[in-house]
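Using the hints, position chain V against chain U.
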Amino acid sequence: MEDDLHSARFKKNFAVGLSTMTVSFFITLGLLQHFELSYLYPFQGLSVVIISLLAAAILREKLTPRLFYGAASISAGVVLVSLS
Amino acid sequence: MIQKTKKLLLNPWFQLVLSVLFVTTSEVFLKRGAVEAPRLPAEVNWTGVSGLATLDVWCGILFVIASFISWLYVLRFIPLTIAFPLSNFVHVLVPLASWFFLNEHISVQRWCGIALVLLGVLIVARPVARMEEKL
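Note that the protein sequences, when read in sequence, are chains U and V. Under the numbering used here, read the first sequence as residues 5 to 88, first letter to last. Under the numbering used here, read the second sequence as residues 925 to 1059, first letter to last.
Here chain U stands alone, though its shape is the one from the complex (with noise of 0.2 angstroms):
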C-alpha cells in the first residue's frame, strides 16, 4: 500500500482527476451565473453515461445493454430539460 500510494503512476492520476475536478467546479461556477440551478443540474446525469463510455473504452469494461437504456432515457431526460 505504501509504495502504491508513492508510485509515480498513482501521483500523475492523483493530480489529473485533482485538477480535472477543479476545472469542472470552476465552469459549473460559470454556468451558473447565466443558468437556473434547476435547468443545470439534470445535465450531470450524462456524466454517469461519460464515465461508462469511457471506462469501455480505457480500462475495458464491457458495455452492457442496460448502459444503452439508462443512456437513452438520461439523454432523453436531459433534452426535455434543455427545451424547458
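Bear in mind the hints are in silico, worked out from the structure with no lab data behind them. It should be emphasised that the depicted structure is a prediction, and the values quoted were computed from it without experimental measurement. By construction, the Cβ of each residue, glycine as well, lies at the ideal position given by its N, Cα and C atoms. Don't take each hint at face value.
Not everything, but these chain U residues come out facing chain V in the computed CB check (under 8 angstroms) [as the list claims (entries may be wrong)]:
| # | residue |
| --- | --- |
| 1 | Ile31 |
| 2 | Gln37 |
| 3 | Glu40 |
| 4 | Val53 |
Cβ-Cβ distance ranges computed for the label pairs, FRET-style [what the hints assert, rightly or not]:
| # | chain 1 | residue 1 | chain 2 | residue 2 | range |
| --- | --- | --- | --- | --- | --- |
| 5 | U | Phe72 | V | Leu979 | 42 to 50 angstroms |
| 6 | V | Leu1026 | U | Val83 | 19 to 27 angstroms |
| 7 | V | Trp982 | U | Thr24 | 20 to 28 angstroms |
| 8 | U | Ile31 | V | Leu933 | 28 to 36 angstroms |
| 9 | V | Phe992 | U | Ser11 | 17 to 25 angstroms |
| 10 | V | Leu986 | U | Ile62 | 31 to 39 angstroms |
| 11 | U | Val83 | V | Leu996 | 29 to 37 angstroms |
| 12 | U | Phe18 | V | Pro936 | 19 to 27 angstroms |
| 13 | U | Thr24 | V | Leu996 | 18 to 26 angstroms |
| 14 | V | Asn935 | U | Lys66 | 30 to 38 angstroms |
| 15 | U | Asp8 | V | Thr971 | 32 to 40 angstroms |
Using the frame of chain U, we list chain V on its own:
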C-alpha cells in the same frame, strides 16, 4: 444525549442522508454566490472564478467538503452498488431546493425531464457502481 448523537453519527445510513443533504445545500449556496458574483470580462467569465469573492460560494465549498467526508465514511460500510443508486436522490432534492429556496419555476416539462434522467441513472447505476468498486 451525547451517546445517542454519537451513535447516530456513526451510522453509515445516516451519513448517506447527510451526504445527500450536504450536496443539495452546497448547490443552493453555489447558485446564490454565482448570481451575486461580479461579472468579469467575457473572455474569463465562463470560469465563474469571480464567485470566490462571495461568502455564499465559500459556504458552498464547505458543504462540498462535508458531503465528501460523509460519502467516504458511507463507502467504508455500504457497497457502492447500493450507495450510488441511493445517492442519486439528489436529482430530486436539488430541483426541489431550487424551487423552495431560490424561487425557480419548474415546469411540468422540466419535471418530466428530471424524472427521465433519474430513471436512466438508476438503470445505469449498478454497472457503474460495480466498476468503481473494482477501481
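For each hint, the structure was consulted:
no.: 1; hint: Ile31; in the structure: holds (7 angstroms)
no.: 2; hint: Gln37; in the structure: holds (5 angstroms)
no.: 3; hint: Glu40; in the structure: holds (5 angstroms)
no.: 4; hint: Val53; in the structure: holds (7 angstroms)
no.: 5; hint: U:Phe72 - V:Leu979: 42 to 50 angstroms; in the structure: holds (45 angstroms)
no.: 6; hint: V:Leu1026 - U:Val83: 19 to 27 angstroms; in the structure: holds (23 angstroms)
no.: 7; hint: V:Trp982 - U:Thr24: 20 to 28 angstroms; in the structure: holds (22 angstroms)
no.: 8; hint: U:Ile31 - V:Leu933: 28 to 36 angstroms; in the structure: holds (34 angstroms)
no.: 9; hint: V:Phe992 - U:Ser11: 17 to 25 angstroms; in the structure: holds (24 angstroms)
no.: 10; hint: V:Leu986 - U:Ile62: 31 to 39 angstroms; in the structure: holds (33 angstroms)
no.: 11; hint: U:Val83 - V:Leu996: 29 to 37 angstroms; in the structure: holds (34 angstroms)
no.: 12; hint: U:Phe18 - V:Pro936: 19 to 27 angstroms; in the structure: holds (25 angstroms)
no.: 13; hint: U:Thr24 - V:Leu996: 18 to 26 angstroms; in the structure: holds (19 angstroms)
no.: 14; hint: V:Asn935 - U:Lys66: 30 to 38 angstroms; in the structure: holds (35 angstroms)
no.: 15; hint: U:Asp8 - V:Thr971: 32 to 40 angstroms; in the structure: holds (34 angstroms)
Hint violations for this structure: none, all hints satisfied.
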